[in-house]
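Engineer: For reference, the chains in residue letters:
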Amino acid sequence: DSGVTQTPKHLITATGQRVTLRCSPRSGDLSVYWYQQSLDQGLQFLIQYYNGEERAKGNILERFSAQQFPDLHSELNLSSLELGDSALYFCASSLRTGITETQYFGPGTRLLVL
Amino acid sequence: GQQLNQSPQSMFIQEGEDVSMNCTSSSIFNTWLWYKQDPGEGPVLLIALYKAGELTSNGRLTAQFGITRKDSFLNISASIPSDVGIYFCAGVNYGQNFVFGPGTRLSVLP
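The listed protein sequences derive, respectively, from chains E and D. Taking this note's numbering, the leading residue of the first sequence gets 1, the next gets one more, and so forth. Taking this note's numbering, the leading residue of the second sequence gets 1, the next gets one more, and so forth.
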C-alpha cells in the first residue's frame, strides 16, 4: 500500500459525458501527478501539481483538466469523453517537487467509455 | 515528441537466471527511472539514476545511466517468481516531463 488513494476504482460511462477522478496523496506529500495508461499509448504523464499550483504539463488533452485543493487532494476532470479515453488513470504523489523526488503511485481508476 | 524504446518487449526466463533489459531514446534525459508494475497495481519505483555513467543497485537489481544520457539498462540477478511483471523505464528532463517506455513484460518459469 503506497498511501495514495484514488476513487472511484472503476468507472463506466458513455461518450460525450464528463467524469471526475479523485486522488488523495500520501500524508505530508505536497506534489501530485496524474498519468494515463492505455494499451496503445502506454503510460503517459499528464500533469503535475505542487502545493495547489500547476508545476508541469505533459500530454494532457484540452478536454482534460486538473486541480489541487488546499487540503492537497487532487481531481482530474475528463470531459466530452471519447472511446479512446478508456484507460487506467493513475495518481502519484511525492513529498516535494523535482526530478529527484520519489513518486508513489495509487492503485488507479479504470475508466471505460462506451 | 520524445519517445523511449524498451527491449526486449517480453521475455520468458527460468527461475534463477539473470535478466537484462534496456531503454533507449533519441533524446537526452537528466534522470532515468525504472519501475515495476504488477497486474492491477500502480507502478512501483525500483531504481532512480541521476548522473551519466551512474551504476546503482537495489538488492538483486542493478541499473546504469548510459554515458550518452540517451539510454539506461536494468539487470536482475538470480530471478525469482515474484519478479514477474512489467518493467518500465522513464526518462525525466529538467522540464519535469516524464516520458515512459512501453515496458518489458517478464515471465519467470519455475
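Simulated from the structure, these hints should not be mistaken for laboratory data. All figures in this text were calculated on a predicted structure; none of them were measured in a lab. Among the hints, erroneous ones may be present.
[What the hints assert, rightly or not] Covered stretches of chain E (in silico footprint by chain D; criterion: 3 or more residues with CB under 8 Å from a CB of chain D, positions within the stretch not fixed):
#, region
1, 23-30
2, 59-70
[Stated by the list, open to error] Cβ pair distances, simulated, as ranges:
#, chain 1, residue 1, chain 2, residue 2, range
3, D, Ile13, E, Gly28, 37 to 43 Å
4, E, Arg63, D, Gln3, 20 to 26 Å
5, D, Asp18, E, Thr7, 37 to 43 Å
6, D, Leu55, E, Gly16, 49 to 55 Å
7, E, Asn51, D, Gln14, 35 to 41 Å
8, E, Thr5, D, Ser26, 35 to 41 Å
9, D, Asp38, E, Ser38, 14 to 20 Å
10, E, Asp71, D, Ser20, 41 to 47 Å
11, D, Ser26, E, Leu61, 23 to 29 Å
12, E, Phe69, D, Pro81, 38 to 44 Å
13, E, Arg63, D, Ile28, 28 to 34 Å
14, E, Glu62, D, Ser82, 38 to 44 Å
Where a beta carbon is used, it is the ideal one built from N, C-alpha and C, also for glycine.
Engineer: If a hint holds in the structure, say so; if it doesn't, say that too.
Structural biologist: Evaluation of the provided hints:
Coverage of the region 23-30 of chain E by chain D is violated [criterion: at least 3 residues with CB-CB distance below 8 Å; count 0]. Counting residues of the region 59-70 of chain E whose C-beta sits closer than 8 Å to any C-beta of chain D gives 1, which falls short of three, so the coverage hint is violated. Distance hint for Ile13(D) and Gly28(E): a CB-CB separation of about 39 Å, consistent with the stated range 37 to 43 Å. In this structure the supplied range 20 to 26 Å holds for Arg63(E) paired with Gln3(D), their Cβ-Cβ distance being about 23 Å.
In this structure, Asp18(D) and Thr7(E) meet the distance hint of 37 to 43 Å, their C-beta atoms being roughly 41 Å apart. Checked against the hint of 49 to 55 Å, the pair Leu55(D) and Gly16(E) passes, with Cβ atoms roughly 51 Å apart. Checking the proposed 35 to 41 Å range against Asn51(E) and Gln14(D) shows it is violated: the Cβ atoms sit about 48 Å from each other. For Thr5(E) paired with Ser26(D), a C-beta distance near 37 Å keeps the hint of 35 to 41 Å intact.
The supplied range of 14 to 20 Å is met by Asp38(D) and Ser38(E), whose beta-carbon atoms lie about 18 Å from each other. Between Asp71(E) and Ser20(D) the CB atoms are about 44 Å apart, so this pair conforms to the stated range of 41 to 47 Å. Take Ser26(D) and Leu61(E): their Cβ atoms lie about 24 Å apart, and the range 23 to 29 Å holds. In this structure, Phe69(E) and Pro81(D) meet the distance hint of 38 to 44 Å, their C-beta atoms being roughly 42 Å apart.
The hint said 28 to 34 Å for the Cβ distance between Arg63(E) and Ile28(D), and at roughly 31 Å that hint holds. A hinted range of 38 to 44 Å for the beta carbons of Glu62(E) and Ser82(D) is consistent with their spacing of about 41 Å.
Comparing the model with each earlier hint shows violations of hints 1, 2, 7; every other hint is respected.
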